[in-house]
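Number of protein chains: 2
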Amino acid sequence: MSIHVNQLIEQLLISLDQTQITHSETELLNHSKDESYHAGKNPTVIVYPRSKEDVVHIMAVSSKMNIPVIPYGRGSSLEGHIIPIGDAITIDFAEMNKIIDIRAEDLLVTVQPGIGRIDLNNELRKHGLFFSVDPGADASIGGMVATNASGTTSVKYGTMRDQVRDLEVVLANGSVIHTGNLAAKSSSGYHLNGLFVGSEGTLGTFTEITLRVFGIPEFQVAARVNFETVDSAIDAVTTIRQAGIPIARVELVDAGSIEHLNAYSKTNFPMKTTLFLEFHGNEAGLAQDLEFTKEIMEDHGCSNFVVESDTKARNIIWEARHNLAYAFIHSYRDKKMMTTDVCVPISSLATAIHFARDNMDKKNIVGGIIGHVGDGNFHVSMMVNMDHTQDVKNAVEFNADLVEFGLSLGGTCTGEHGVGIGKLKYQKLEHGPAYEVMQVIKKSLDPQNLLNPGKLILVDS
Amino acid sequence: MSIHVNQLIEQLLISLDQTQITHSETELLNHSKDESYHAGKNPTVIVYPRSKEDVVHIMAVSSKMNIPVIPYGRGSSLEGHIIPIGDAITIDFAEMNKIIDIRAEDLLVTVQPGIGRIDLNNELRKHGLFFSVDPGADASIGGMVATNASGTTSVKYGTMRDQVRDLEVVLANGSVIHTGNLAAKSSSGYHLNGLFVGSEGTLGTFTEITLRVFGIPEFQVAARVNFETVDSAIDAVTTIRQAGIPIARVELVDAGSIEHLNAYSKTNFPMKTTLFLEFHGNEAGLAQDLEFTKEIMEDHGCSNFVVESDTKARNIIWEARHNLAYAFIHSYRDKKMMTTDVCVPISSLATAIHFARDNMDKKNIVGGIIGHVGDGNFHVSMMVNMDHTQDVKNAVEFNADLVEFGLSLGGTCTGEHGVGIGKLKYQKLEHGPAYEVMQVIKKSLDPQNLLNPGKLILVDS
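Going line by line, the protein sequences match chains S and D. 1 is the number of the first residue of the first sequence in full-length UniProt numbering; add one for each residue after it. 1 is the number of the first residue of the second sequence in full-length UniProt numbering; add one for each residue after it.
By construction, these hints were calculated from the structure, which means they are not laboratory data. Do not take every clue at face value.
[To be verified] Restraint ranges, calculated between C-beta atoms of paired labels, are given here:
1) D:V396 / S:S309: 51 to 61 Å
2) S:E298 / D:D17: 50 to 60 Å
3) S:E436 / D:I99: 50 to 60 Å
4) D:H4 / S:D401: 34 to 44 Å
5) S:E295 / D:R333: 49 to 59 Å
6) S:S408 / D:N66: 58 to 68 Å
7) S:H354 / D:K443: 40 to 50 Å
8) S:D361 / D:I99: 32 to 42 Å
9) D:E259 / S:K126: 44 to 54 Å
10) D:A94 / S:E295: 43 to 53 Å
11) S:E228 / D:D17: 57 to 67 Å
12) S:G432 / D:I14: 23 to 33 Å
Glycine is no exception: its CB is placed at the ideal position from the N, C-alpha and C atoms.
Please build the complete structure, drawing on both the sequences and the hints.
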């Protein structure tokens, strides 16, 4: 094994320098797992490319020595995307984290994959622009493209897939392609942007990313609203969507989770089913949207409707909401979090949430339910004692039952976290014969199965 | 040849009945060409499927007899998409034109590919909903998916690709897949929706389409604005976009085209560079958007700003705009229209339009310039005497020069019309090594090259 590593490093050193390669135990361990409950495993070596040429060389070594590559951003994935399944070269993009170009007139930005979304937004703000996708974590843009990340703002601005205009990608055969261009739309060729976004490193490795950005809206207003039942909250959101009110965020947090949220974030929100809302637009338009929204909420029996116009109060809401996962982790230090991610048609969302709550109760599962309700996407954050076999078994069964139920409603097993290792077992069930089409594409573009194998899709090799 | 046709019909009749098959000279001629200048060619036979099972059978016959299939909607394509290049079974979806399901709460509709967009909107209106993509022509939804159509409203609502949630597709090998699901977003598997939308019948044949729709906005207001120069009009639009004003349509028509538009549509618009605008939203928000837009327009030197609030006046504007192509055709009855379709980053749009105007003047090309300026997409409608060799040569050269120039600006050869036959020659130039990836995908999914061969992509066969 150590000869193997030395050989590998020798090959890598043909084009890279010593400072770009490590296999120190600490670094291997740091790169062995993500933020999920999935068991970690060390890669063989970690490399830090500084250019696309470096990545092309790494890919050539990978192919020559038949050792797979795993692109790595910030390790914030939730389904084991960056965990090796055997020998692996982890490509850490920490040193490829620059903004290459901001084209304010075109509402476009070109970045390297290692940049984090918060750093990107800090820079864009100076130009009156913002990057819309907000998954909570300060993920790398490369990782967000790889998993088609989304989050609280997708109900208005869309997912990562809706933002990507072009990717520079190093393929398994070492060729470097561009999947798109700088135009706002195109009907030319096959839509490789769509195919490569969400491909989780299994079709190629991104070295440059061009994203759509938006002008910072003139006004932003948040609101929080309480309901007696999840059903009435969801019905209210459905009505708001049908009325065409362009809501920018709409998050459901169940009553039990509010308790953890209050404790962790030192807030004092009523312990009831809660909707957190946000609106973006001009002042007069927002006033009218808010008024109309309030009417609809009241028609659906909301118990209060609190508007938060100033920036500080808005930030408290969204920080508290984003820290909810940490609030649970903080409350249950002996447990790990396992998170479901089904997304269903909004007309079935209440049904799916009831199914989840009933099954949590039956299996004595501890955790909360939070949802991007405008998209029909919700998470059950289960706190699991990983040393307790029955606890783990219950959580895994619960997840599987919920996925099957979600699929039966016309939904998907993952709305935003991606497949990775965790959702692999549901792929055939979800996609049916389309899974074979995916396998054909994977095999034709990566015949040696070198690109993040064992994630998203399984092929005979 | 006639034995060949009889054999083919015999095979088709195994599952179809006589009323679903024709090879009458009139019908063959009707299906031999689209609305473009490309020379027509008769298919071998035309079939009218009534179900996906019919399409599966047609595909089996195609494969067995090695005769390609061409899906056909309404023949309104502009790049020869439905023109056979040799023997071909044209699959006309005229009898598969039903709405299968309207899920108002989910803002979804499922249709068969043969339905026209106007019929669809007439039905959706009863539910307070509308389908957003408006290419002008009353195209079939199947054809619009196949070419990733867009049009005047895409600046706000996106292109066809942004609307498609799921496609039922019959593949070359006869298997039937679904490319998506009913959830608002998904990070599961490869994004086959994205790949199949815009594939122009070359990867599979659609039999069912699920689309996102929108609630009809509370208020709609149109405006028309005149400028002395194209540059100032485009600068104004760029500022409006950066300011985050959610404009729903913004169309540029050059001064020369307004003359034809007035003559054909009996309007009396000033013969100057004109922007036609539309806003969708609530009453107070639109008032503020309009006011802000007017300020920006005036800052950029517009000579007047006419608001049209009532539905009739709005309809006059958009009908006149949509009929502009017919206005030109009407004015030059001895000529055919050849239309360019480059889309460039908006910061380069003025440059590209100047390049076009200068080259039109140099080559004595007759025609107008109209643009979906919010997207950076514009059309030069050239009126060409197809019997006049030099006229045709000039137009073809002009088109090629404009495409090359557009590509050099980071744009695309086609923003919305698709590749078909007409843009095939630019594909390698535009996509570089990514073209090989497209070829690999095409060959792996259609090894016999049976699916609309000679369109979008060329493969060795």
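We went through each hint and held it up to the structure:
Between D:V396 and S:S309 the beta carbons are some 59 Å apart, a value that agrees with the proposed interval 51 to 61 Å. Our hint of 50 to 60 Å for S:E298 and D:D17 holds, since their Cβ atoms are close to 58 Å apart. Checked against the hint of 50 to 60 Å, the pair S:E436 and D:I99 fails, with Cβ atoms roughly 30 Å apart. Separation of D:H4 from S:D401 is about 56 Å and departs from the stated range, judged on CB atoms against 34 to 44 Å.
Here the CB-CB span from S:E295 to D:R333 is close to 56 Å, well matched to the stated 49 to 59 Å. Checked against the given bound of 58 to 68 Å, the beta carbons of S:S408 and D:N66, roughly 41 Å apart, lie outside it. In this structure the supplied range 40 to 50 Å holds for S:H354 paired with D:K443, their Cβ-Cβ distance being about 48 Å. Between S:D361 and D:I99 the Cβ separation comes to about 41 Å, which falls inside the hinted range of 32 to 42 Å.
The hinted range of 44 to 54 Å is satisfied by D:E259 and S:K126, whose Cβ atoms lie roughly 45 Å apart. For the pair D:A94 and S:E295, the supplied restraint of 43 to 53 Å holds, since their beta-carbon distance comes to about 45 Å. Distance hint for S:E228 and D:D17: a CB-CB separation of about 58 Å, consistent with the stated range 57 to 67 Å. Range check, S:G432 to D:I14: about 26 Å between beta-carbon atoms, so the 23 to 33 Å window is met.
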